[in-house]
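Read top to bottom, the protein sequences are chains P and V.
For the first sequence, counting from 1, position 153 maps to 153 in the working numbering; every step adds exactly one.
For the second sequence, counting from 1, position 82 maps to 82 in the working numbering; every step adds exactly one.
Everything labelled a hint here was simulated from the structure, so no lab data went into it.
Note that the Cβ used here is the ideal one computed from N, Cα and C, for glycine as well.
Keep in mind that the hints are not guaranteed to be accurate.
Stated by the list, open to error - A few chain P positions that, by computed beta-carbon distances, are all more than 12 Å from chain V:
(1) 50
(2) 64
(3) 146
(4) 175
(5) 177
(6) 198
(7) 210
(8) 232
What the hints assert, rightly or not - Computed footprint of chain P on chain V; a stretch qualifies when at least three of its residues, placed anywhere within it, have a C-beta under 8 Å from a C-beta of chain P:
(9) 76-88
(10) 104-116
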Amino acid sequence: MIMTVYREQDAEMIMRLEKMDIRFKMACMAVLSMAVLKADAMGLIFLSLLCLGLWIGVRFPIMTILRHLRYLVLLLIIVFSARAWTISLFAGPEKAWISLDPEGAIEGLLICWRLVVLTFLGILWTATSSPSGIRTAVEWFCRPFPGLPGKQVATMMSLMVRFLPVIVAQARETSAAQQCRCIQNRKNPLYRTVRFSIPLLCRTMESADRLADAMEARCYSPDRSRPLALKSGRSDWLVLIGTTGFCALMIGF
Amino acid sequence: MIPIPKPILEISHLSHRFSDGGLGLDNICLTIAKGEFVVVAGHNGSGKTTLFRHLNGLLTPESGDVKVDGISVSADVLRARQMVGLVFQDADSQIVGETVYDDAAFGPENLCLNPVEVKRRVTSALSAVGMEHLAGQKPHRLSGGEKRRLAIAGILAMESQVLVLDEPFANLDHAGMLQVLSRIAYLHRAGKTIILSTHDLDKTLGLAGRLILMKNGSIIRDGAFEIVMRDAESAGVKMPCACRLEALYPDKGSRSDPCHDHDGLS
Chain P
1 MIMTVYREQD AEMIMRLEKM DIRFKMACMA VLSMAVLKAD AMGLIFLSLL CLGLWIGVRF
61 PIMTILRHLR YLVLLLIIVF SARAWTISLF AGPEKAWISL DPEGAIEGLL ICWRLVVLTF
121 LGILWTATSS PSGIRTAVEW FCRPFPGLPG KQVATMMSLM VRFLPVIVAQ ARETSAAQQC
181 RCIQNRKNPL YRTVRFSIPL LCRTMESADR LADAMEARCY SPDRSRPLAL KSGRSDWLVL
241 IGTTGFCALM IGF
Chain V
1 MIPIPKPILE ISHLSHRFSD GGLGLDNICL TIAKGEFVVV AGHNGSGKTT LFRHLNGLLT
61 PESGDVKVDG ISVSADVLRA RQMVGLVFQD ADSQIVGETV YDDAAFGPEN LCLNPVEVKR
121 RVTSALSAVG MEHLAGQKPH RLSGGEKRRL AIAGILAMES QVLVLDEPFA NLDHAGMLQV
181 LSRIAYLHRA GKTIILSTHD LDKTLGLAGR LILMKNGSII RDGAFEIVMR DAESAGVKMP
241 CACRLEALYP DKGSRSDPCH DHDGLS
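Turn these sequences into a full structure, and let the hints guide you.
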């Protein structure tokens, strides 16, 4: 969803990132993600600065995106709490059954930090890559692996991107229709979940059936012509080498 | 001597039974000539969609045969699907591309055409439905009429000779309906064979040359639109307002009626 909303910006940095060969962009993203997971606090500071620099360059509406990411904060709180607090079920009366573990708190903070940097890098990547580009790159990366049906995987990905907004719209419609019939008066969350999810699931299945028919009517076959020709230049190699070198340094810190 | 148009679709003794045992189609015999504009009307469950799905091999008949340009659908399904483009009632579940361009390119890419040819076909199809300026747009942001036109473009890009449209005006407002209708009229003038189903005969009055009424899986009337439309209510379809007016004021029957005037559409 975020990807579709923020691709409409046209800052120079976005143009540059969009022009980059998708395979190199994907490889840079993989290298950066590994570095974020491996780096210690000092390395993370530099990686975060890089991420921040890119975000300033692309001029995304940060407040709007943060509003979209409010549920991530909940996840971070859970992750941090799980690391920071120690529960002793069999502690005696003189000891507290829950206590803060300073080492765990630092560990928790680092994990949350990593998750935040990864999320922001992910948004940057998806917002500057076209879905058809991602599909073509996935197909290309799957090619060396004989058992992996790259074309089918790529088609599935593209259909998922296409149908997410449709499913979200259907979910909203189902929810609104149930609210019109006072579902909110039912206090049992299980009842409400079942009443909401079964019709939505049925509708989604029916849509999937109709989609399969429509694809068949248009001669769908996994062996299709590829929509995009992949082209890489010197600048793509430079960016990849630069990113790899920078990440190696960060892990070495 | 007037030349007899070559038949593009020949349906002989077509019957279909659903998996639950219900009869979908009962001994349908039908021939449609190249360039004809045919409307198929009937109440819900009369067999219109089931009939359409046999035209490009999405359903296989229990008995009988469907021939497209002389070759049986079952003998070459891919050819039938290329020649007979089916536009479904629910455009939302028919659109598969992430952008308007991608969706129109879906069919030609399935035919493994080279990228230059795909681009030529997509550009031409989008221009035929008046959507070339929306090529980069996300499909879920289109209006109902635009989605329906995109579904038609997806078929046109496969260079189908026959366009089968299953209730193309369903769930459209007046503006959306006019957009779709004007494109259908344009495509018919460009030589495409049009077969469409509708519950509202007023919309195709003056455009279609032939009307087929279906009931319980059978064809109950088939003939010139202006004649067969008078029996529409026997098939559970609303009679066009022009017929009602004619019945109310028989002495003014020859006067031209605004319902007949579709000149403004193109």
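Here's how the hints hold up against the structure:
1. Taking the minimum C-beta to C-beta distance to chain V, about 29 Å, the non-interface status of residue 50 of chain P holds against the 12 Å cut.
2. A cut-off of 12 Å between C-beta atoms confirms that residue 64 of chain P is not in contact with chain V; the least separation is 18 Å.
3. The beta carbon of residue 146 of chain P is kept farther than 12 Å from every beta carbon of chain V, the shortest such distance being approximately 22 Å.
4. The Cβ of residue 175 of chain P sits about 18 Å from the closest Cβ of chain V, beyond the 12 Å cut-off, so the non-interface label holds.
5. With a least beta-carbon separation of about 16 Å from chain V, residue 177 of chain P lies farther than 12 Å from that chain, consistent with its non-interface assignment.
6. With a cut of 12 Å on Cβ distances, residue 198 of chain P stays outside the contact zone with chain V, its closest approach being about 19 Å.
7. Residue placement check: residue 210 of chain P does not keep its beta carbon more than 12 Å from all beta carbons of chain V (closest about 4 Å).
8. Every beta carbon of chain V lies more than 12 Å from that of residue 232 of chain P, the smallest distance being close to 18 Å; the non-interface claim holds.
9. Check on the segment 76-88 of chain V: 6 of its residues sit with their Cβ under 8 Å from a Cβ of chain P, so the three-residue criterion for coverage holds.
10. Coverage of the segment 104-116 of chain V by chain P holds [criterion: at least 3 residues with CB-CB distance below 8 Å; count 11].
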